[in-house]
Amino acid sequence: MTASDTSTERRGTASSRARFGRRWAAIGVTALCVLGATEAAARAVEPHVPVPLEWASDEIAIKVDQMDRRRARGQVGGVVIAGSSQSWGLDPQVLIDAGVADVAYNSAIPSGTAPVQRRWLLEEVVPRLQPDVVVWGVSAPDLNERRSALGFSYAAARATQHGVVADVDRWLAERSALIRLRPVLGSAARIDHALRAPLVTSTNTLIGDLGQRAGSTEYAMAPDDPAPPNVGEWRVGTTIDDLPATVRALRAQGIEVLLVLLPLPQRTIEEFAGGGSDWDLTIEMIGAIAADLDVQLLDGLTGYSDDLSYRDTSHLDAEASRALSEDIARALGGSLPPDLEPAVVAAMGPDAPTHPVRRAWIPRPGWLRIETAAPLTELGGTLLTINTMGDEDRDRVLVELHPRRRASTAQHLVDDRWERTSLPRTLAIDARTLDVEIPTLADTSTTVFRIVVSAIPGGSAGALRLSPGFALDELRGSVANTGAPAWDLVSDEVTPTEHERASLRRDGDRLVWTVPADDWTDELLIADLDGATTTLTWDPAGRTLVVDGAGGSGRLAPGSVARTDTGWTITVDIRSLPTGELDDAASPLTIGPRRRLDAERPLLAEGLDLVLR
Amino acid sequence: MTFNSLVYAAFLPLVVGLFWLLPHRFRIWLILAASYTFYGAWDWRFLALLWISTLADWWVGRRLDRTDDERRRKQLLAVSVLVNLGLLGFFKYFGFFVESAIAMGNRAGLDLDPFTMRILLPVGISFYTFQTLSYSIDVYRRRIPACQSLPLFAGYVAFFPQLVAGPIERAERLLPQLETERTPPRAQEIESALALILVGLVKKVVIADQLAPLVQHVYSDPGAFDRGAIAAASLAFAIQIYGDFSGYTDIARGSARLLGIELMENFREPFLARDITELWRRWHISLTSWLRDYVYVPLGGSRGSMRRANLAVVITWLVTGLWHGAGLTFIAFGLLNGAFLVGHRALRQRRPPTQRTGIPGGVQAVLGAAVATSMFAFSALFFRSESFADSLDAIGNLWTDQGAHAPTWTLGTLLFGLVAILSLDAVRARSRRSPVPAAPPALLRGLAVGTAVVAVIISSGGPAPDFIYFQF
Chain A
57 MTASDTSTER
67 RGTASSRARF
77 GRRWAAIGVT
87 ALCVLGATEA
97 AARAVEPHVP
107 VPLEWASDEI
117 AIKVDQMDRR
127 RARGQVGGVV
137 IAGSSQSWGL
147 DPQVLIDAGV
157 ADVAYNSAIP
167 SGTAPVQRRW
177 LLEEVVPRLQ
187 PDVVVWGVSA
197 PDLNERRSAL
207 GFSYAAARAT
217 QHGVVADVDR
227 WLAERSALIR
237 LRPVLGSAAR
247 IDHALRAPLV
257 TSTNTLIGDL
267 GQRAGSTEYA
277 MAPDDPAPPN
287 VGEWRVGTTI
297 DDLPATVRAL
307 RAQGIEVLLV
317 LLPLPQRTIE
327 EFAGGGSDWD
337 LTIEMIGAIA
347 ADLDVQLLDG
357 LTGYSDDLSY
367 RDTSHLDAEA
377 SRALSEDIAR
387 ALGGSLPPDL
397 EPAVVAAMGP
407 DAPTHPVRRA
417 WIPRPGWLRI
427 ETAAPLTELG
437 GTLLTINTMG
447 DEDRDRVLVE
457 LHPRRRASTA
467 QHLVDDRWER
477 TSLPRTLAID
487 ARTLDVEIPT
497 LADTSTTVFR
507 IVVSAIPGGS
517 AGALRLSPGF
527 ALDELRGSVA
537 NTGAPAWDLV
547 SDEVTPTEHE
557 RASLRRDGDR
567 LVWTVPADDW
577 TDELLIADLD
587 GATTTLTWDP
597 AGRTLVVDGA
607 GGSGRLAPGS
617 VARTDTGWTI
627 TVDIRSLPTG
637 ELDDAASPLT
647 IGPRRRLDAE
657 RPLLAEGLDL
667 VLR
Chain B
303 MTFNSLVYAA
313 FLPLVVGLFW
323 LLPHRFRIWL
333 ILAASYTFYG
343 AWDWRFLALL
353 WISTLADWWV
363 GRRLDRTDDE
373 RRRKQLLAVS
383 VLVNLGLLGF
393 FKYFGFFVES
403 AIAMGNRAGL
413 DLDPFTMRIL
423 LPVGISFYTF
433 QTLSYSIDVY
443 RRRIPACQSL
453 PLFAGYVAFF
463 PQLVAGPIER
473 AERLLPQLET
483 ERTPPRAQEI
493 ESALALILVG
503 LVKKVVIADQ
513 LAPLVQHVYS
523 DPGAFDRGAI
533 AAASLAFAIQ
543 IYGDFSGYTD
553 IARGSARLLG
563 IELMENFREP
573 FLARDITELW
583 RRWHISLTSW
593 LRDYVYVPLG
603 GSRGSMRRAN
613 LAVVITWLVT
623 GLWHGAGLTF
633 IAFGLLNGAF
643 LVGHRALRQR
653 RPPTQRTGIP
663 GGVQAVLGAA
673 VATSMFAFSA
683 LFFRSESFAD
693 SLDAIGNLWT
703 DQGAHAPTWT
713 LGTLLFGLVA
723 ILSLDAVRAR
733 SRRSPVPAAP
743 PALLRGLAVG
753 TAVVAVIISS
763 GGPAPDFIYF
773 QF
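Residue numbers (my numbering), protein chains in the order written: chain A, 57 to 669; chain B, 303 to 774.
The reader is advised that the hints may include incorrect statements.
Covered by chain A, according to a simulated footprint, are these stretches of chain B (three or more residues, beta-carbon under 8 Å) [said to hold, decoys possible]:
1. 485-499
2. 744-750
3. 753-760
Since the hints were derived computationally from the structure, they do not count as laboratory data. Given the structure is predicted, the values throughout are model-derived calculations rather than measurements. Ideal Cβ positions, reconstructed from N, Cα and C, are used throughout, including at glycine.
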């Protein structure tokens with residue numbers, strides 16, 4: 057190769073580099089233009105798409121907001137309830153009423169396994185609420201390493217990500233709509249949700265002011281409800297290590313811990329690996345950890361093997377939750393030794409003055425007559441169980457009846473196998489007497505019965521009465537926790553008319569709730585504000601709330617109203633609403649499209665707690 | 303450390319920069335250090351397995367090179383086969399066999415205690431064991447000389463771009479590239495390497511990961527969904543796994559190209575294939591060619607009678623299924639595809655491709671691609687199902703059309719995935735057909751880069767989901 061060749065080659069290389077330099081610059085500039093244009097487009101559509109969640113779920117976001125507000129009001133210290141299953145119904149008010157704490161809050165988040173609870177408690181709850189005591193309800197599923205759905209999304213949420221990359225992401229999210237809206241724009245389901253304007257509400261995010269889920273009042277587990285999927289796949293793994301680690305970390309901060317063993321229905325337990333042996337192993341391990349740490353452990357297992365104590369295949373119903381809450385209160389108050397058998401699900405027989413069952417007897421073979429203290433129509437959620445005693449060490453449910461469903465089904469345990477039976481003549485409702493035909497009573501040799509009637513006085517039967525403005529065929533939804541269509545449960549025969557609560561009508565793009573009764577207290581109202589510019593107008597004098605979506609997409613679903621004082625919840629999903637006149641509204645309050653949870657605080661002054669989903 | 307993580311975004315430029323700064327003799331050490339760091343980021347304990355496989359085959363290769371005694375050579379080859387398949391068998395199939403034995407014992411009336419021996423599957427074990435095994439077989443067959451340098455051989459086994467999910471490179475192709483001094487890539491090569499990486503990211507993050515929720519939604523309980531939902535989810539899974547796996551390969555090839563090393567193509571637009579046989583020739587080429595060379599051909603290949611050739615096909619596909627994992631679902635996946643290929647061969651013999659059908663070529667190609675992709679998607683139903691019972695439920699509902707409809711967003715997501723993946727493949731197929739592939743104009747490429755970056759930004763954000771083939 058000559059010097060001339062080398063020189064030519066160098067010139068060629070230099071020329072090639074310059075050419076590629078120009079090309080790459082052009083590529084870079086064009087790509088930046090695309091990014092810039094997309095950023096501008098993202099800013100333009102931002103008011104019209106749902107606000108992306110910073111946290112893993114609505115419920116977590118709501119609880120963070122509630123805890124921030126509690127902290128701002130100085131409601132710190134006291135007792136904090138933690139765990140996963142506890143989110144359903146364990147009521148902090150019980151602890152306050154029992155005098156064991158001035159301040160109590162239910163910080164439980166559903167599906168939270170021990171690693172999630174560890175982060176949630178230590179990074180979010182404790183710094184905000186600085187509790188004196190943490191009551192941590194632990195259940196076997198919380199310790200299964202394969203149950204990681206929330207773990208994944210919890211760690212993935214922008215607010216909870218760790219590290220430099222997460223810090224950069226948060227920094228960018230504050231400045232770029234494209235980054236900020238990434239969770240929405242990148243999800244087909246969310247875009248679909250936004251486009252279709254589904255007027256769907258969910259009871260999942262009905263969170264009371266003390267962090268408890270509203271609407272845990274109904275018995276809902278149907279006889280053929282399947283156990284949670286994949287229970288048999290769950291395995292206790294290293295996730296259990298997070299339990300003692302969290303307890304130690306809490307104690308290091310001077311926080312006392314009460315562990316509560318949370319129960320599961322027998323049908324779910326049997327789905328665990330080894331026909332329940334994995335469950336037993338988990339319970340033993342929790343006991344060993346508690347003993348090792350010398351931490352108080354309340355056995356919440358005994359007394360809840362009865363399926364009728366559950367609202368679904370994982371969670372206790374309101375009655376049982378309240379009973380367990382009372383146990384916790386006693387344990388915290390020192391009146392209940394940890395090893396004492398917890399309270400029974402419901403009081404039994406005529407000796408229990410507060411119980412709705414006055415007495416029960418067998419008037420003739422095959423029939424059971426129950427006399428109740430209150431009219432049956434007021435006993436929302438009435439259930440009947442008859443448990444044989446003595447066959448095994450656990451109660452066995454023979455019959456379940458659902459008076460409000462006119463006893464269309466019942467189930468019998470025959471040779472350890474559930475059999476569903478149709479009982480057309482079973483039920484007769486006459487004021488305060490319930491006659492039930494139970495064929496097994498005619499020929500059974502069982503002589504000892506335990507009769508439990510779980511009932512919720514003033515319960516949801518009354519609450520289900522909707523105003524005449526509601527046309528039933530326009531409802532598409534369900535009553536909270538029952539999973540049954542609303543119209544199945546709304547019946548003039550079982551529902552007193554004086555229980556009218558609220559009405560809803562549509563006025564153009566506005567949805568108007570009217571609360572006519574004087575005894576109405578608005579403890580919680582939830583509106584889905586998926587749209588952009590939205591005006592909420594609350595008129596205390598007229599007791600109307602107007603949700604106006606005219607300025608934006610109008611995708612509003614104010615379908616949930618909860619009254620926590622009597623423990624009932626209505627949730628309706630509405631596709632088309634009746635039209636009508638709208639009263640003049642006062643005190644308009646505008647919720648801007650970019651405002652987050654704290655933007656709704658002014659409503660608190662009116663006695664409303666509005667939660668933006 | 304995964305390709306779709308920001309850690310890798312920092313790792314790769316660092317390795318590439320150091321690689322070109324270092325003199326040639328140190329580069330193999332850098333590759334080794336980088337590869338072991340890359341692999342150890344999952345679980346450093348599994349490095350021991352990688353070393354066992356590396357040392358065993360390096361030793362076997364050298365011994366094979368030194369002896370002409372056929373018996374001795376067979377023994378040495380057996381050592382390699384035992385070590386590699388032993389590792390693979392223990393870590394991949396032990397649990398399956400134990401559980402099956404217990405189930406059978408219990409069925410026979412024996413009260414066997416179920417015990418769970420927790421065996422974690424080392425990432426990429428199926429890939430590197432097959433790679434080292436192919437080396438020993440090739441040395442045994444005297445197709446290549448044994449590698450005398452341990453660092454070089456270790457670099458061949460552990461080369462990080464293709465360590466955990468292929469392509470399964472043959473020694474005759476990769477070893478010389480690692481051995482000889484590489485020249486720094488030219489600007490055009492750098493551009494093409496970066497383009498490959500970006501396209502790979504789009505396939506993985508924008509297409510595959512977007513389809514994953516739909517697939518997961520239906521396949522978490524396939525018995526609960528109707529025909530449309532299962533068909534949509536199966537097609538979505540076919541696209542998902544293609545986007546995921548070919549995306550990985552693209553990133554691997556782009557990463558290697560930045561180091562001056564060319565890895566083989568693992569996919570050649572399989573969903574544009576005209577029939578199922580061609581589809582499989584274009585799918586996971588490094589594995590299918592491995593199985594062709596080391597299983598199918600030794601079984602007789604297509605040399606014998608039709609019946610024997612068909613048997614060889616079925617056995618090869620049984621091995622393909624088992625390579626993916628122990629379980630009836632993978633066996634069914636393999637056998638079904640074997641049956642498809644046998645059936646297609648019989649069909650071709652009855653009516654050769656040259657025979658005129660009267661249908662225009664373009665229409666025939668589209669129809670053929672649709673049928674082949676549908677057959678693949680149907681077999682993927684077994685692949686994706688979490689149990690054999692689930693796959694039977696899904697097939698039952700395909701037949702009876704019982705169950706719930708797919709979520710409303712299914713169709714849009716599926717259409718997006720289908721159009722996106724076919725568009726990318728069509729562009730690549732077109733450039734492949736061009737006699738002199740030319741880089742697209744800067745403006746066009748800039749638009750494509752900008753769009754791809756935006757798409758990746760929108761589609762990412764949380765922890766990077768693993769590539770599907772890491773589990774194999």
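Results of checking the hints against the structure:
no. : hint    : in the structure
1   : 485-499 : holds (count 4)
2   : 744-750 : holds (count 5)
3   : 753-760 : holds (count 5)
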